[in-house]
Amino acid sequence: MALFEGRSLHCRRGGRDVFAELSFALPSGGALLLTGPNGSGKSSLLRLMAGLLKPAGGLLTWDGVAIAAAPEVHAARLHYLGHLDAVKPVLSVAENLRFWAALRGTPAALEAALDGFALGELAAVPGRLLSAGQRRRLALARLVAAPAELWLLDEPSVGLDHASVGRLAGAIAAHRAAGGRVVVATHMALDLPGAVPLSLAALSPPPLPEMVW
Amino acid sequence: MKGLGLLVARDLRLALRQSADAWLAVLFFVLTAALFPFGVGPEPGLLARIAPGIIWVVALLAVLLSLERLFLADFEDGSLEQLLLSPLPLELAVLAKVLAHWLTTGLPLIAAAPLLAVLFNMDFAGLGVLLLAMLLGTPVLSLVGAVGAALTLGARRGGVLIPLLVLPLYVPALIFGVGATDAALQGLAARPHLLLLGALLLVMLVVAPLAGAAALRQALE
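Protein sequences appear in the order of chains A and B.
For the first sequence, the tail end lands on 213 under the numbering used here, and the numbers increase by one without skipping.
For the second sequence, the tail end lands on 221 under the numbering used here, and the numbers increase by one without skipping.
Incorrect hints may appear among the rest.
Stated by the list, open to error - Residues of chain B clear of chain A, computed beta-carbon distances all greater than 12 Å:
| id | residue |
| --- | --- |
| 1 | L7 |
| 2 | L16 |
| 3 | L164 |
To be verified - Where chain B lies over chain A, by a calculated footprint (3+ residues, C-beta under 8 Å):
| id | stretch |
| --- | --- |
| 4 | 49-58 |
| 5 | 62-76 |
| 6 | 83-89 |
| 7 | 95-102 |
As the list claims (entries may be wrong) - Okay, the calculated beta carbon distance ranges per label pair:
| id | chain 1 | residue 1 | chain 2 | residue 2 | range |
| --- | --- | --- | --- | --- | --- |
| 8 | A | S131 | B | S19 | 25 to 31 Å |
| 9 | B | V207 | A | D115 | 45 to 51 Å |
| 10 | A | T35 | B | V207 | 32 to 38 Å |
| 11 | A | G159 | B | A73 | 19 to 25 Å |
| 12 | A | V65 | B | P89 | 53 to 59 Å |
| 13 | B | L169 | A | G166 | 33 to 39 Å |
Since the hints were made in silico from the structure, they are not lab data.
Glycine residues also receive a C-beta, built at the ideal position from the N, C-alpha and C atoms.
With the rest of the complex left out, here is chain A (with noise of 0.2 Å):
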């Protein structure tokens, strides 16, 4: 069974240490749930697992292969959602959608995508009426509309409703009994069943002595 693996992870970010010896294992159908306060690096993380940031130290493995040895083949198996929607403005929301599922080679459900979060009926609006909560719902359809087996979610709660997150819950549920993995950084309660809470607070260098001028 292939194991994402980090092994003594390092992070440093504008010459400051964000993060030392972090170390995970998420089998098939993990979940991995990120806590720690503002600016502990989970954000960091998930870049580092995306791919985004190359890590000072230590290494990422999918099924015991480096995954900087084929950044592509690694990319081609995530979807991430950082704080960004990159939704276009002016394309529509099926769209905005059809493209994203389209880069992405695969036979997408679009349908299904957008009525898992009932986008349904907002399909033939253009992006910039939505508001910041039907944004994000449609980012997230992204992860539904083309299949990949790795989830990395930064705050997907944000700007959604009860029956959103509900919704997002649902997805992840789902993703996880096909087999999926997912792993989330999240401030607000998400009903994930079985996650691994990895808690970055205690992984914090200490901090810089005090700069003397």
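Got chain A sorted already, so can you dock chain B onto it with the hints?
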């Protein structure tokens, strides 16, 4: 290759729905060139002589005007991150964005160039070569500009930096572009200039996507 077509189609659709941006470059091109007769005087012989140079310099500035938005919108709304993680290699994504940029900026400039040639009383013997040189030269402007736009993405006031970075690199295209038209107007062979312009285009077709993609990766770190 399918991804490349998809991205070009998306960018063209975006440009079509925000057509003000594309019109801006063409209007800038025509209006700025139309200022020169006021500046240097309406003497037909003089205007005819400086026409190729004016058309090229103004085309170059019009392209420059449109460069900032080449990657900025995608960078700011997170699309660039998603493109980096898509199966489409980032080098091809850069090539697709350049192609769409050229179709929406360079091609309209070429279409408007005959109007300026008439305005400047340019000898029609040189018009064919002028258009051919622009056909080879404006893609070079888009390609070089894309590298500049990618390099300045993360920078504060990047839009101001682009001309400083890109203008010196536009000089070869300008020299051969004007040289070809001038040669044709004087009854000399334009072919060597056009061949050099073509060579420049081929080199930039390879170098610009590589350099642009490297710069984008840096900006997204």
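- prompt: Which of the listed hints are not met by the structure?
  reply: 1, 2, 10, 12, 13
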